[in-house]
Structures are given as structure tokens and as C-alpha cells.
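> So the chains spell out like this:
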Amino acid sequence: MLKPGKYLVMGNIACAEGALRAGCRLFAGYPITPANEIAEYLSSEMPKFNGYFIQMEDEIASIAACIGASWAGAKPMTATSGPGFSLMQENLSYAHMTETPLVVVDVQRSGPSTGQSTDPSQQDFYQARYGAHGDYEVVALSPWSCQEMYELTIRAFNLAEKYRTPVIFLADGMIGHIKEELVVPKDIDVINRKGPIGDKCTPFGTDDPSLVPEMPKFGQGYKLQVTGSSHRSTGVRDYSPQVHTELVNRIRNKILRAEPEIRDVAKIEIDDAEIAVIAFGASARPSYGAVKKLRAEGVKAGLLRLKTLWPFPEEEIMALANQAKAVLVVEMNTGKMVREVQRVACNHTKIASLTRLGGITPTLSDVYNELRRLKP
Amino acid sequence: MKSLKQLKSEYIVENLNAFCPGCGNGMILNCFIRAIDEMGVNLNDILSVSGIGCSSWIPSPHFRGDTLHTTHGRAIAFATGAKVYNPNLRTVVFTGDGDGAGIGGNHLIHAARRNIGITCILVNNMNYAMTGGQIAPTTLHDAKTSTSPYGNPEQPFNIAKLVAAAGATYVAKWTTYHVMELTQSIKEALNNNGFSFIEVMSQCPTQQRNILNIRASPQDLPYRLLDMLGESAYRADRPEKENYLYAVPLKTPEESEKEIAGLGYNAKLVDHITLGRVVRVESEKLVDAKSQLKSLQTVRRLADHLEGKFEVGVFVHSKRLEYTEALREVSRRAKGE
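Chains as they are written, first to last, in the working numbering: chain F, 1 to 376; chain X, 1001 to 1337.
Please keep in mind that the hints were generated in silico from the structure rather than gathered at the bench. This structure is a prediction, so every number in the text was calculated from the model and none was measured. The reader is advised that the hints may include incorrect statements.
[Stated by the list, open to error] Short, incomplete list of chain F residues facing chain X, as computed with Cβ under 10 Å:
hint, residue
1, 25
2, 28
3, 46
4, 49
5, 56
6, 69
7, 90
8, 91
9, 94
10, 98
11, 223
C-beta atoms are modelled at their ideal positions from N, C-alpha and C, and glycine is treated no differently.
Go ahead and model the full structure; you've got the sequences and the hints to work with.
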């Protein structure tokens, strides 16, 4: 584990380091490019801290092992890319239903299918939100630098533990493989799940306004019934319309209520911006350069960079739409986030979309030219 | 030995019974709790993990201990994570033939390969019972199921042999007819430091009635099926009776039985897993009996006493490095100890 200080490391290593620092002591995964360095690094580091690295037979087993370990008391993580993330979706839905804290890292690559297996993309924007079956709310974070591969991984664990929910860490092949400065801070906040205090507990229901129940672990004598079936606050299966409705609504509402606290955006030159870019991850980097260049030329350009993709930061988008004359959504897919921006901000501002396929980021000049064209 | 009532009050969640009348799952649950009771295992140390399907309901919601009721086929993978993180948990996976050998077959062989200290009890009822009796990877060739109305074109797995080949250090196969042997086996499996696997052939009155074409009243069907399992199993590790054969009837079994009994033989009607309803004929002079019986008008053919049966018993009981111990060795090396 890196001591506080400055380092030059790869994004995926920073992610693995963040996990260790956050208290992750079980990693279960299956090899896939461009996420491999996370598993490789943790196979070396985890055992030094009495943690476990286990290489499972596939991604389905990887997330399953994480869920099993979480109920045994672990703070678990798995890391994959788009195809493996698809395989995890059924058990991800299970993690939502059983309110199991864990972190799933998706270092996105270019699809569909095997696509360009080593090249980055941002095509899993909706897979992170809607990939699994059923109704649930997703917490998904997206880093744009090596530093955030570290910091947001820690935050992902904290959110998972605090809200008893799976958290998606949506990185991409570029950020995962970039090597740049990482500053490891001296102090960080680490949040651990709330365990039961008394002899009895209702692991799937609570009167607490947070709507997050206490989470016991196996072997403590609580005679836990953990099931993906509709269940009462005790865990006992119950398929009645009322129990199911209350359960699913509580699981959704605990995230929706906490949205202001979960929400995290970076505002760059936004205060007086007349035109603005909305971007995340790798595509936010050329957007940043383009905004700075336009500012140097006296154009009031700004960048709203999303660090939390889900819940979608609607208030920030709405505020920007009411302020800017035009917004440009930059992303490495055929136009996914722009649909969300349109949903939230339609009729309030002009919305344009800059997309890239082919496993490449848009260039600074791509974004610059598009903003120039949009400039009122 | 404790009474069933005592065991129920200690180990079973009250007022719950999720199984069809005559199901074998209750018997397997009975064997399991008898085994852990006789072993004196602390209930808090047991984690039961199951997947989807009838057998996955054996622990959850019935068992009064920690239970993890997971997704279809993945129970062993969930159990692996829990066992790795807390090796003190006596982790038991309940699964079925479709859950464990169909959709979850990959996890099964890899758990056996790793030799992780998990006990897996796989209930084989030869079909996907909960969903309506479809073809499973264990359904016999030619059996008529809800997805093989013209007969099953596939061939069944021999799951116990598969798991043995994959490296499990305890492998046994029993039926719900063998409750004493099964209880003993569960104890041996729980005491084995490695991956333990017990396949239990079980009766399913709801679906096997059609699949095995056994026509009986709802009251009689469970016994008929249980007797069929007992009749159709043999042990290779001890001498079996050899003084009998089966007469496969040409038309009705009753007609054949009457004709054979009329000749003075000890004949009775039995159900056989692959031959169907047949006449079991016992004789000390088997060679003579064969030549006499094969020419009877009501007999289609004669079958040897072991024909079409499956082997039960303990197939593997060995020692090999257990996975969580291997992980601890990895940890020692990483720390330079």
C-alpha cells in the first residue's frame, strides 16, 4: 500500500491502491483487458494485508463471490470491462435486492461484443444504469484522472458501505491505462457499514430516516435469511403486492433521498459560462483543454464534469441549461448521456452532441471547433 | 436419538413447508439436521447457501441458521466468497441437478478442482421440477418431459463421477431410500477438509409421475418412487444379492406377474428406473429360471439384476490441500514469513 506522497502510477493501479486504502480485503475477478492491472496488482498486494485475491472461473462467479464475502463481513471488489460487466448483471440485480455493499469496476472498452478489446469507450453509460433486471437506483462514479482513480474508488467503497448498495465505478480504458501523478493523502475518510447492536435486528427494514437497515454478517447468530426473492424486513420471503412494493420503493428511495449527498460534479469556468460542455471520464480531458483555449480567446466557455453519473445530477444540469445559451455533450459512444441531458433540459437551452466511436477520444480541436460553431 | 419433533423445534423455522406432498427434500433436510445434531455442530457456525429450484428451498426458508438463497446455479460461487473470507463457517451448498449440473455446472467443477472446504448436497430429481418438469442434464434418454414430448434426445450426466474427476476429496451418491447412509455421508462430508459432494437421487411425485410414467394414486406415488430408487440403486463396494432377475412384460405387468407366479416363482411387481414396471423374479436356480421365463408369452425379455441401475456409495474419500489453507500459504509468502 502506498504511503502518503507523490507517485507516478497507472490509473488501474491507483484504483487498486484506493481499494486497499478504503479497506477492501477481498477481490474476486476474471481476466479481461483493459482491467487486468487491477487484479494483477491486488494479487500481489492483498495477501500482504491479510486480504484475499481469488481468481474465479468467470465474471458471474466473481461478483457472486463478492456478494457472499460481503455478507461474511468483507468489503469486496471486482473489476472487469464491458463484456464481463454484462455477465455480472443478474447478480448485480441480486446485490440490489439484498442490499449488499460491493464495488464493481468497469474499465470500459469499445464494443459491441469483443469490439476493439484494448481500446477505450464510454459505451456502458446505460449498461451501468439499466443493465440489470428489475427496478433499482444505481450509484455510478466516473474518474477522469489517475488521482480520481484513487479518490473515487475510496468514495465508491464509502457510498457502498453507507447506503448498503452495490456501487459501479465506471472508468475507461484510457483512464485505466494512463500514467500520471498520484498524490496519496495522509488522511482519508473511511466509512464502514452499520452492524446491529442488540440481539435482534431486521436486516431488510428500518425506521431510520436514511432507510438503510443495519447489516449483520454470517456467523453472528442472527440466523440470517438472505434471499433475492421478495422479502419482509426479517428476510422471510413474502410475495404479497404490499411487501414487494414497500421493499422495492425503500431500496430505491434510500438512494434517491441521498442524491444531494451522493452527487458530485466538477465545475470548471461554469459560473458565467454562455456555452458549456458536459462530459465525464476520458472525454472530459479534451473538453477541458478546449474550454481553456476558448477562455483565453475571451469566449465564456465552461465545463461541467460529472463525477457521479448515476443518480444523474439533474439539478446541476438544469441550472446550467437555464444559464447557458448552448451545451455540448461530449462522449465516446453514439450519444447516450446526451439523451439524459435532453430529458432533463429540453426546451431550456440548445443541446448539441459530439460523439466518437472507434476506440478514440475526441481531440481538443474537435471539441473546440464544435463549441466555436455553437457560440451564440 | 432425538425425536423428529425435538429436531424440528431446534432446527426448523416454524409453520413453513414449501414442498409438494411426498417430496424427497424434507427427507434430505431431516438427514442433514440429524447429521449436524449428532455431530454437535454449533448452529451459528453453519452457513447454508442455495440457488434456485426446489432443492434450494431445503435450507431457505426452513433451516434455522444463516442462509443465503442466491441466483440460479451460482450458489457455490457465492459460498466460495463467504468461505474464503471466513473459513470458520461450515459452508453447505444445497443445489439441484438443473441448478448445480446445468446452469451451475462450471462452478461445481471448479469448486471441486480448488478443493475448497464446502459441502455440496445435490438433489437429483432428473428434471427441472419447479418450472414444470423440463429436460435437465440428468434426464434419462427417451424420457418424456414437458420439453421432450417425443422422448429426450439427450443423454444424462453422471454427476458424481464428473465431480470426482474434477478433484473433489469426498464424493458420495445415495438416494432418499438410503437415509441412514446419507446421514452418515453428510457427517463424513462435513468433517472432510476439502470439497465434499453428495448426490442424492430423490423422488418428485409432481413431475416424475409423467417423466417416469409411474401411474399411481397421489397417496401411493411417493412410496412407489422411493421403492423404485431403492430397487434401481446398487453398491459396488459390497456384495449384492445376485439371485434375481427382471422380466420385462410384453403387455401388462400384472399379466406377466400372474403367469410367472403361476409357475411357482417368487415374483413381485416393482418399479425400475430404466426398465419401468417389471416383475422381479427371485430364484436359487437362476440359469434354469432364465431358460424357462424367456419363452413365456407375456414376457418381452429378461433383464440382468444390475441392468440399467445406477451405482451408489462413497466413491472418493481422500486428502488434498484445501483452498483456503492454500490462500493462507499465499499470504505467508507475500508477507515474507
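> Hints first: check each against the structure and report whether it holds.
Here is what the structure says about each hint:
1. 25: 8 Å, holds
2. 28: 6 Å, holds
3. 46: 8 Å, holds
4. 49: 9 Å, holds
5. 56: 7 Å, holds
6. 69: With a minimum Cβ separation of about 4 Å from chain X (threshold 10 Å), the hint on residue 69 of chain F holds.
7. 90: Hint holds; residue 90 of chain F Cβ to chain X Cβ min 6 Å, cut 10 Å.
8. 91: Cβ of residue 91 of chain F sits 6 Å from chain X, so the hint holds.
9. 94: 5 Å, holds
10. 98: With a minimum Cβ separation of about 9 Å from chain X (threshold 10 Å), the hint on residue 98 of chain F holds.
11. 223: 6 Å, holds
The earlier numbered hints are all upheld by this structure, with none contradicted.
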